[in-house]
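Trainee: Each residue of the sequence shown is one higher than the one before, starting from 1 at the first, in the working numbering.
No lab work stands behind these hints: they were computed from the structure.
All figures in this text were calculated on a predicted structure; none of them were measured in a lab.
For glycine and all other residues, C-beta sits at the position ideal for the given N, C-alpha and C.
Any given hint might turn out to be false.
Unchecked claim - Across the chosen pairs, the derived CB separations fall in these ranges:
#1 Ser114 <-> Met77: 17 to 25 Å
#2 Gln34 <-> Ala80: 32 to 40 Å
#3 Gln91 <-> Gly133: 17 to 25 Å
#4 Ala69 <-> Arg110: 42 to 50 Å
#5 Trp131 <-> Asp98: 25 to 33 Å
#6 Asn71 <-> Gln91: 32 to 40 Å
#7 Ile63 <-> Ala129: 18 to 26 Å
#8 Trp131 <-> Arg87: 20 to 28 Å
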Amino acid sequence: MRNALFSFIMASLSLATPCATWAQSAADSTAIEQTALDYIQGYYSGDPERMEGALHPDLAKRIVRNDPAGNSRLDQMDAATLVGIARSMAQRPVPEEDWVDDVTILDIYRNVASVRVDAAQWIDYLHLARWNGEWKIVNVLWEMHPGG
């Protein structure tokens, strides 16, 4: 009986071991946070290269907008549009003291992560993926602050 219990415990532990190999490292958390900061600070500073480095080329950034009658529509921007916006910000960058760039990692699982970025005028919910060994933003769902 004791041998059967011992075998069961060892088998259970061996099944749990592969899960530990998927644990995220501090380096992953740092890289994810830096990717989010490169995205938002690239916007504020008017640095399109910095922003572009954070984005997957097939990124989709979406917002739900409602007309006065309450009908919803989904507006979308792609990576090229966001990089263009960052490029235009170079003409009028936001002063660094006015940056709001709070990054909260909500979840990391293997090669994907969810992150919230609180910016000055909006909230972004980012989905990131490890792409060719680097963390890249692949989706953004966002909402303007009231009056923003």
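Trainee: Determine for every hint whether it applies to the structure shown.
Mentor: Going down the list of hints, with the structure as the test:
Hint check: Ser114 to Met77, Cβ distance near 19 Å, so the stated range 17 to 25 Å holds. Hint check: Gln34 to Ala80, Cβ distance near 22 Å, so the stated range 32 to 40 Å is violated. Distance hint check: the CB atoms of Gln91 and Gly133 are about 34 Å apart, inconsistent with the given range 17 to 25 Å. The hinted window of 42 to 50 Å between Ala69 and Arg110 holds, with their beta carbons roughly 43 Å apart.
Take Trp131 and Asp98: their Cβ atoms lie about 31 Å apart, and the range 25 to 33 Å holds. The hinted window of 32 to 40 Å between Asn71 and Gln91 holds, with their beta carbons roughly 35 Å apart. Between Ile63 and Ala129 the beta carbons are some 21 Å apart, a value that agrees with the proposed interval 18 to 26 Å. At about 23 Å, the beta-carbon gap between Trp131 and Arg87 stays in the expected band of 20 to 28 Å.
Going down the numbered hints, you'll see the structure goes against 2, 3, while the others check out.
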